[in-house]
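Undergrad: One-letter residues, chain by chain:
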Amino acid sequence: MNIVVTVKQVPDTWAEKKLDPSDMTTDRATVDNVLNEMDEYGVEEALLLKEAHGGEVTAVTMGPDKAVEAVRKALQMGADKGVHLCDASLHGSDALQTASALAKVIAPLNPDVVIVSSEASDARGGVVGALLAEYLGLPQLTLARKVTADPGGGTVTIERQTDNGYATVLGKLPVVVGVIEKINEPRYPSFKGIMAAKKKPLVTMTAADAGIDPGSAGPSGAYSEVDEAQPRPPKAAGQVVKDEGDGGAKLAAFLADQKLV
Amino acid sequence: MLDFQLSEEQETLRKTVEEFAREVVAPQAFASDESGEFPYEVVRQMGGMGLFGLPFPEEYGGMGGDYFALCLAIEELARADSSVAITLEAGVSLGAMPLYRFGSEEQKREWLPRLTSGQALGAFGLTEPDGGSDAGATRTRARLEDGEWVIDGSKSFITNAGTDISCLVTVTAVTGLGVGGRKEISSILVPVPHSGFRVSKKYSKVGWHASDTRELSFEDCRVPEENLLGEPGRGYANFLSILDEGRIAISALGVGLAQGCLDECVAYAKEREAFGYPIGRNQGIAFKIADMEMRAHIARLAYYAAAAKMLAGRPFKKEAAIAKLYSSESAVDNARDATQIFGGYGFMNEYAVARHWRDAKVLEIGEGTSEVQRMLIARELGL
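So the sequence lines, in the order shown, correspond to chains A and B.
One point on numbering: in my numbering, the residue at position 146 of the first sequence is 146, and numbering is uninterrupted.
Converting from the second sequence to my numbering requires adding 1000 to each position, the first position being numbered 1.
Rather than coming from a laboratory, the hints here were simulated on the basis of the structure.
These numbers were taken from a predicted model, which means no experiment stands behind them.
Just so you know, even glycine gets a beta-carbon here, dropped at the ideal spot from N, CA and C.
Heads up, a few of these hints could be off.
[To be verified] With beta-carbon atoms standing in for the labels, derived distance ranges:
{"id": "1", "chain 1": "A", "residue 1": "G245", "chain 2": "B", "residue 2": "G1276", "range": "37 to 43 angstroms"}
{"id": "2", "chain 1": "B", "residue 1": "R1272", "chain 2": "A", "residue 2": "K250", "range": "31 to 37 angstroms"}
{"id": "3", "chain 1": "A", "residue 1": "K250", "chain 2": "B", "residue 2": "S1204", "range": "45 to 51 angstroms"}
{"id": "4", "chain 1": "A", "residue 1": "A249", "chain 2": "B", "residue 2": "E1273", "range": "48 to 54 angstroms"}
{"id": "5", "chain 1": "B", "residue 1": "D1066", "chain 2": "A", "residue 2": "D27", "range": "36 to 42 angstroms"}
{"id": "6", "chain 1": "A", "residue 1": "G153", "chain 2": "B", "residue 2": "S1104", "range": "48 to 54 angstroms"}
{"id": "7", "chain 1": "A", "residue 1": "D246", "chain 2": "B", "residue 2": "S1204", "range": "44 to 50 angstroms"}
{"id": "8", "chain 1": "A", "residue 1": "R145", "chain 2": "B", "residue 2": "M1294", "range": "46 to 52 angstroms"}
{"id": "9", "chain 1": "A", "residue 1": "V240", "chain 2": "B", "residue 2": "A1286", "range": "36 to 42 angstroms"}
{"id": "10", "chain 1": "A", "residue 1": "G153", "chain 2": "B", "residue 2": "S1241", "range": "57 to 63 angstroms"}
{"id": "11", "chain 1": "B", "residue 1": "A1274", "chain 2": "A", "residue 2": "S216", "range": "57 to 63 angstroms"}
{"id": "12", "chain 1": "A", "residue 1": "L251", "chain 2": "B", "residue 2": "L1311", "range": "57 to 63 angstroms"}
{"id": "13", "chain 1": "A", "residue 1": "M24", "chain 2": "B", "residue 2": "A1274", "range": "39 to 45 angstroms"}
{"id": "14", "chain 1": "A", "residue 1": "A236", "chain 2": "B", "residue 2": "S1035", "range": "55 to 61 angstroms"}
[To be verified] One-sided and incomplete, this derived list gives chain A residues near chain B with beta-carbon spacing under 10 angstroms:
{"id": "15", "residue": "M1"}
{"id": "16", "residue": "P21"}
{"id": "17", "residue": "R72"}
{"id": "18", "residue": "Q76"}
{"id": "19", "residue": "Y135"}
{"id": "20", "residue": "K182"}
{"id": "21", "residue": "E185"}
{"id": "22", "residue": "R187"}
{"id": "23", "residue": "Y188"}
{"id": "24", "residue": "P189"}
{"id": "25", "residue": "S190"}
{"id": "26", "residue": "G193"}
{"id": "27", "residue": "K198"}
{"id": "28", "residue": "K200"}
{"id": "29", "residue": "L202"}
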């Protein structure tokens, strides 16, 4: 199977995330940047599919120079090839532009399955996967907690996580699959993987290479715009449940209210 | 000029193990320290990452890295949990390395892939109840009888011999008398479990609780003659050369522990307040932590330098002894200071510094005591 997985470099999960006040884009310069944790699940699922059915995994990212590290991590984990769409004109792209640009890179790869994770930990929009499927003109199977492929039959079946359980959803190849973190346990790269990654093909593309119209790229062509931003308000005080013999029931009610149980 | 910057691959490996240590190793450290249970699941994942194969070529299931790569991994694991770090150190440098260095092609093919994948563990039985550093005191004997070695004796403080995945013990034994009546000592491979071979229950130790340490006994334990490892009579000499490089790995372990103490203290000194401000603002605390940083830094450079010499094929005995000695004493010093900085919490087992404190002491004893290291250094100086 020809599998494509999208990856993104994001500020370290534990770092304080800020916007660059000059252009209201994510500040990536003052923090450590890592492969989006959710994407590790996507890469792992892509590798598991490859291990089960053969084929090839291509990791694709869009981002500044340093973002190539996210692709490299995917290569170290075991992906076969990498594509890095890197162009200053793409800086400040919104979700629609990002999805459209990624589609331009991914479509020529003719994937059977495109794996995306449910969100990146920086913007947390959670829409690029869905938009990408639209731009690619492919069906999308989202919130997958389990993926089973049947390349012979040309289908993929997923268990789609719902609030109360899961739904079994079947889709025809080629397809975009969005995975959640319950799906697997991402592997750590081995030293062999780290060494091998150096020799794997990694292509850097400009916007022109990908056929992206320069006029549509960047903030000027964006469909959305960030006008202003406020720092996250300080954490509000929690709710104290006083136990008057019914503490357990109150706690359960609270958790049920928050849809945690 | 010298450059101790890690290469891109070394740094990636270090970061990967650091991440693994933080996410997987550290969270189980307290529980396995309390229970003394061997961390099978952690070891399984380490095997998957190829850590047990780091310094071995791919043809034996290794990762094609080198001994320094192994040291980097050991250091990062020891920042979180010394029991896990020593399991890797002993598994590689005592379990698999003697086979790789001295084994026949057939022995290597038979045993190494299992050991380098981490699916199974090997152990080395050298120390005996009556002596470790003194080769002449070896009492375990092996005699040839009908094409078999018959081994009798016992070994003390042996790591990785009694786990569910232990598959091999290399044992040193007196196999005859050489020139001038000196004992001829050879190494023999004993697949385990094996009739005539028994492991004691686990020792009750001060630290390294989750590491598997046992006393071994051999009673009419018979293995085929071809299980001899290396040349007859070279058992002790071979093992000494293994110990030289093992010292660099133990040094890395000490650096990891020293760094782990430092990590804990820096965070704690910023967060813990007394008299209305963080305790790190007190020089009494800050200077202690500065000293901890200095020791960890120098100790790290010492093992980097020893490893660099070793990998360049130059003599490194003295540098390895210095690295091992300085790192282990730094680990003990940092652990002592860290528990002091943590105050009452430093005496509570659920705090990592308390565990580091208990785990540190053995570093001044195992794989050559501090006294032996000083003796080696002095000898290298012609004294």
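Undergrad: Take the hints in turn and mark each one as holding or not.
TA: Okay, the hints, checked on the actual structure:
Range check, A:G245 to B:G1276: about 40 angstroms between beta-carbon atoms, so the 37 to 43 angstroms window is met. The supplied range of 31 to 37 angstroms is met by B:R1272 and A:K250, whose beta-carbon atoms lie about 34 angstroms from each other. Look at A:K250 against B:S1204: about 46 angstroms separates their beta carbons, and that is inside 45 to 51 angstroms. Between A:A249 and B:E1273 the CB atoms are about 38 angstroms apart, so this pair departs from the stated range of 48 to 54 angstroms.
Roughly 39 angstroms separates the CB atoms of B:D1066 and A:D27, a value that falls within the hinted 36 to 42 angstroms. A:G153 and B:S1104 have their C-beta atoms about 51 angstroms apart, which keeps the hinted 48 to 54 angstroms range intact. The hint said 44 to 50 angstroms for the Cβ distance between A:D246 and B:S1204, and at roughly 47 angstroms that hint holds. In this structure the supplied range 46 to 52 angstroms holds for A:R145 paired with B:M1294, their Cβ-Cβ distance being about 49 angstroms.
The beta-carbon spacing between A:V240 and B:A1286, approximately 38 angstroms, falls within the hinted interval of 36 to 42 angstroms. A C-beta distance of roughly 59 angstroms is found between A:G153 and B:S1241, which places it inside the suggested range of 57 to 63 angstroms. Checked against the hint of 57 to 63 angstroms, the pair B:A1274 and A:S216 passes, with Cβ atoms roughly 59 angstroms apart. In this structure the hint that A:L251 and B:L1311 lie 57 to 63 angstroms apart at CB holds, the actual value being about 59 angstroms.
Under the hint 39 to 45 angstroms, the C-beta atoms of A:M24 and B:A1274, about 42 angstroms apart, fit the expected range. At about 39 angstroms, the beta-carbon gap between A:A236 and B:S1035 misses the expected band of 55 to 61 angstroms. A distance limit of 10 angstroms between C-beta atoms decides the matter here; for A:M1 the minimum to chain B is near 23 angstroms, and the interface restraint is violated. With a least beta-carbon distance of about 27 angstroms to chain B, the hint placing A:P21 at the interface is violated under the 10 angstroms criterion.
Satisfaction of the interface hint for A:R72 is found here, the shortest Cβ-Cβ separation to chain B being roughly 8 angstroms, below the 10 angstroms cut-off. The closest approach between the C-beta of A:Q76 and any C-beta of chain B is roughly 7 angstroms, which is under the 10 angstroms cut-off, so the hint is satisfied. Against a cut-off of 10 angstroms between C-beta atoms, the interface hint on A:Y135 is violated, since the closest Cβ of chain B lies about 33 angstroms away. A cut of 10 angstroms between beta carbons decides the hint on A:K182: the least distance to chain B is about 17 angstroms, and the hint is violated.
Because the smallest distance between the Cβ of A:E185 and any Cβ of chain B comes to about 9 angstroms, under 10 angstroms, the interface hint for this residue holds. Annotation: interface hint on A:R187 holds; nearest CB of chain B at approximately 7 angstroms, less than 10 angstroms. Taking 10 angstroms as the C-beta cut-off, the interface hint given for A:Y188 holds, the closest approach to chain B being about 5 angstroms. Using the Cβ-Cβ criterion of 10 angstroms, the hint placing A:P189 at the interface with chain B is satisfied: the shortest such distance is roughly 5 angstroms.
Interface restraint check for A:S190: the shortest CB-CB distance to chain B comes to about 4 angstroms, inside 10 angstroms, so the restraint holds. Annotation: interface hint on A:G193 holds; nearest CB of chain B at approximately 8 angstroms, less than 10 angstroms. This hint holds: A:K198 has a C-beta 7 angstroms from the nearest C-beta of chain B, less than the 10 angstroms allowed. Contact between A:K200 and chain B, as hinted, is not supported at the beta carbon level, the nearest pair being about 13 angstroms apart and thus beyond 10 angstroms.
The interface hint given for A:L202 is broken, as the beta carbon of that residue sits about 14 angstroms from the closest beta carbon of chain B, more than 10 angstroms.
The structure fails hints 4, 14, 15, 16, 19, 20, 28 and 29 (numbered hints given earlier, in ascending order).
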